[in-house]
Amino acid sequence: MTNTTVGSLPTSEAPLPPLATRERTGTTAAERRAGSPVAVSLTGVRKSFGDKTVLGGIDLEITRGEFVVLLGPSGTGKTTLLRVLSGLEAPDSGEVLVPRDRTVVYQEPRLIPSKRVLANVTVGQKRSRQVTDNARNALSEVNLADKRRAWPATLSGGEAQRVALARALVREPELLLLDEPFAALDALTRLQMQDLVGDLVARHRPAVLLVTHDVDEAVRLADRVLILDKGGFAVDVDIDLPRPRDRNDPESLRYRASFLKELGVGRTFPDGQDSHDIDR
1 MTNTTVGSLP TSEAPLPPLA TRERTGTTAA ERRAGSPVAV SLTGVRKSFG DKTVLGGIDL
61 EITRGEFVVL LGPSGTGKTT LLRVLSGLEA PDSGEVLVPR DRTVVYQEPR LIPSKRVLAN
121 VTVGQKRSRQ VTDNARNALS EVNLADKRRA WPATLSGGEA QRVALARALV REPELLLLDE
181 PFAALDALTR LQMQDLVGDL VARHRPAVLL VTHDVDEAVR LADRVLILDK GGFAVDVDID
241 LPRPRDRNDP ESLRYRASFL KELGVGRTFP DGQDSHDIDR
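Numbered per the UniProt record's numbering, the sequence shown finishes at 280, counting up by one with no gaps.
By construction, these hints were calculated from the structure, which means they are not laboratory data. Just to be clear, a hint being listed does not mean it is correct.
Calculated lysine to aspartate or glutamate pairs in the EDC-like style (CA-CA distance at most 20 angstroms, straight line) [as the list claims (entries may be wrong)]: (1) 261 x 251; (2) 261 x 195; (3) 230 x 108; (4) 261 x 229; (5) 230 x 59; (6) 261 x 238; (7) 126 x 172.
Could you build the full structure based on these sequences and the hints that come with them?
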């Protein structure tokens, strides 16, 4: 019989310096990880559906304040891994240690139509002046202070997703799980949401796992990119680029080319130079 352990890591009490401050020091992503508490720890996690193994004994650590992006073809287990981390799916075996304070933002905002925006942000929390004040502040952070009394049906897609972000961050999670939250948005709104999420993560400093199919999004946001394939991580690479990032910067383009090649859609880099080597 296999053993499965699901538990919680101790709450981190030491605040982390802002991302911008840490990046100005010139430290690498690996050095920043070494100085940060572990928020997520997976050891030998396995999950199968019938005779198909989607997670084949994976090991993973994510530190507090680290932004990890998970890429991979459809059906490789990205959402399954996210569901294991959220507690919605139990692994067949292995150890899962995650913070008690964690939350998920999905592709659909999942707002309650019968509740106004402010009530959607506070849903599931005990009513108090502090909770209401925190929700108002969260809406201000996502630039929706003037929409707090609006009904969900009156919001644009981008506005609705910002409400979902406010609802997640008002709980001050130590682990923020993002399941393709921008996939249904138009291109311009998607870029704006990426900038907003980057700013919010820098301010609140949760550990983040973002599941996406968008390689450009991964390069733009991630401290570290994982590519899941055949039950394991085919790629686990740090992105040591300053922020904000320019998608047309030569280094960004080389990371992009490497990830696309690993995903089976790459080609030779335009200037004939090699793309970044990916550690396996």
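Okay, the hints, checked on the actual structure:
1. Of the pairs offered as hints, the one joining residue 261 and residue 251 holds, with about 15 angstroms between alpha carbons and a cut-off of 20 angstroms not exceeded.
2. Annotation: proposed proximity of residue 261 to residue 195 is violated, straight-line Cα distance about 26 angstroms (limit 20 angstroms).
3. Between residue 230 and residue 108 the CA atoms are separated by roughly 27 angstroms; this puts the pair beyond 20 angstroms, and the hint is violated.
4. For a cut-off of 20 angstroms, the pair hint linking residue 261 to residue 229 stands: about 14 angstroms separates their Cα positions.
5. Restraint check for residue 230 and residue 59: the C-alpha separation of about 14 angstroms stays at or below 20 angstroms, so the hint holds.
6. Note on residue 261 and residue 238: the hinted pairing holds, with a Cα-Cα distance of about 17 angstroms set against a maximum of 20 angstroms.
7. About 15 angstroms separates the Cα atoms of residue 126 and residue 172, which keeps this hinted pair within 20 angstroms; it holds.
In summary, the numbered hints that this structure violates are 2 and 3.
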